[in-house]
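Colleague: The chain contents come next:
There are 2 protein chains.
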Amino acid sequence: MRLENDQRRAQLLALARTAFSARAYDDVSIDDLARDAKISKGLLYHYFPTKRVLYVAGLSAIAAELVVAVTSIPADLAPIERARAGLDAYLEHITRHRAAFISLMRGGIGSDPEVAEVIEGVRRRMFDTFVVDSPFAPLLIGNPKFEISVRGWIGFVEFTTIDWCVNPRLSRAEIRDLLTEILFEVLRVVSPPVFRTQ
Amino acid sequence: MRLENDQRRAQLLALARTAFSARAYDDVSIDDLARDAKISKGLLYHYFPTKRVLYVAGLSAIAAELVVAVTSIPADLAPIERARAGLDAYLEHITRHRAAFISLMRGGIGSDPEVAEVIEGVRRRMFDTFVVDSPFAPLLIGNPKFEISVRGWIGFVEFTTIDWCVNPRLSRAEIRDLLTEILFEVLRVVSPPVFRTQ
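Taken in sequence, the protein lines are chains A and B.
If you count by the working numbering, then the first sequence holds residues 29 to 226, one letter each, in order.
If you count by the working numbering, then the second sequence holds residues 29 to 226, one letter each, in order.
Rather than coming from a laboratory, the hints here were simulated on the basis of the structure.
We put the beta carbon where it would ideally sit given N, CA and C, even for glycine.
Please note that the accuracy of each hint is not assured.
Stated by the list, open to error - Each computed DSSO-like pair below joins lysine-lysine, with the alpha-carbon atoms no more than 30 angstroms apart: (1) K79/B with K79/A; (2) K173/A with K173/B; (3) K79/B with K66/B; (4) K69/A with K79/A.
Unchecked claim - Chain A residues, not near chain B, derived (Cβ > 10 angstroms throughout): (5) I67; (6) F76; (7) A85; (8) A97; (9) L119; (10) S177; (11) F184; (12) V218.
Said to hold, decoys possible - Examples of chain B residues lying across from chain A (beta carbon under 8 angstroms, computed): (13) G180; (14) G183; (15) D191; (16) C193; (17) R197; (18) L206; (19) T208; (20) E209; (21) V214; (22) V217.
Could you build the full structure based on these sequences and the hints that come with them?
Modeller: In structure tokens:
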């Protein structure tokens with residue numbers, strides 16, 4: 029019986045993941061989800077008491093995937109290649125979930141406290157990837173200018189990629205190369221002078 | 029009687045402006061505001077039917093002030109001096125409204141659609157200041173890399189300054205100089221090669 033519960037929950041989560049990654053929050057209907065799962069709306073609400081709870085669960089699954097994609101770049105790549113590969117993974121992910129990404133970042137659901145915490149969790153993992161896991165880490169951790177600037181660069185990435193999703197005036201390669209170039213300029217600006225000659 | 033209405037509305041707006049700029053949204057009480065205005069809560073709701081409506085009105089007034097401060101930098105300053113002065117005005121403004129700024133950008137109220145529209149309006153005016161009103165405008169308008177990057181830089185500014193308000197590890201001059209330097213690096217990266225020699 030326990031297993032059955034878990035399977036039902038996993039099935040609903042998978043359906044929600046698909047629905048919420050293809051469509052904006054407001055365009056997903058609980059009636060449709062229940063119909064797709066071939067269960068009653070009441071039973072669906074037994075597993076996920078509100079649409080928001082189901083959304084947060086689905087979003088958390090998608091966010092975990094994004095973090096895995098961006099952070100599992102081989103560590104032996106050159107820093108610039110790691111950055112490019114991480115950005116490729118990120119751009120691939122948001123392109124695949126385009127409508128959901130725009131809805132999340134621009135729509136009313138984005139600052140629901142639990143949803144905001146999922147987004148903030150992704151930012152923190154991105155930050156760690158570019159700071160803690162960076163080959164420059166030993167020299168840069170604890171440097172407030174550096175830490176603030178990496179945070180700023182994440183803001184740069186979010187703003188440009190939301191704009192790019194809404195109005196794709198650059199190719200994916202162009203936006204990736206732009207973001208990579210900006211990252212390395214930012215790193216150059218905030219790095220101790222010893223790095224500036226590299 | 030009409031004038032009296034307008035005066036009452038202006039008085040309430042001024043009280044709301046002060047309350048919402050000193051405290052987070054959830055910490056402002058309509059009871060306190062009505063008491064300060066020496067009117068009943070019912071009469072207050074006659075002018076502003078909900079706390080959110082009053083907040084949006086107060087926020088719009090504060091946002092308009094910010095836009096005026098940032099965009100009224102003398103046009104005859106050198107571009108880097110204009111950027112520094114604009115950032116000084118911005119940093120002065122958010123420092124003065126620190127609790128409200130953090131609540132707005134991080135809290136639940138930030139993505140209420142009307143509130144989000146006020147924030148987006150400020151970003152658009154900032155964008156215009158750095159694009160349309162820029163001395164580089166004739167060469168840069170219509171260049172998508174440039175337009176996207178200015179948008180990205182605004183994201184950089186928002187992320188770093190929220191972080192700075194919460195955890196001020198740099199002085200105001202340091203954060204201003206960092207943001208200015210990043211802006212000019214961004215401009216350099218996206219400018220036609222003719223600018224790169226400047």
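Colleague: Evaluate each hint against the coordinates.
Modeller: Verification of the hints:
| no. | hint | in the structure |
| --- | --- | --- |
| 1 | K79/B with K79/A | 26 angstroms, holds |
| 2 | K173/A with K173/B | 26 angstroms, holds |
| 3 | K79/B with K66/B | 17 angstroms, holds |
| 4 | K69/A with K79/A | 11 angstroms, holds |
| 5 | I67 | 32 angstroms, holds |
| 6 | F76 | 21 angstroms, holds |
| 7 | A85 | 20 angstroms, holds |
| 8 | A97 | 22 angstroms, holds |
| 9 | L119 | 13 angstroms, holds |
| 10 | S177 | 7 angstroms, violated |
| 11 | F184 | 4 angstroms, violated |
| 12 | V218 | 7 angstroms, violated |
| 13 | G180 | 4 angstroms, holds |
| 14 | G183 | 3 angstroms, holds |
| 15 | D191 | 5 angstroms, holds |
| 16 | C193 | 12 angstroms, violated |
| 17 | R197 | 4 angstroms, holds |
| 18 | L206 | 6 angstroms, holds |
| 19 | T208 | 10 angstroms, violated |
| 20 | E209 | 5 angstroms, holds |
| 21 | V214 | 6 angstroms, holds |
| 22 | V217 | 5 angstroms, holds |
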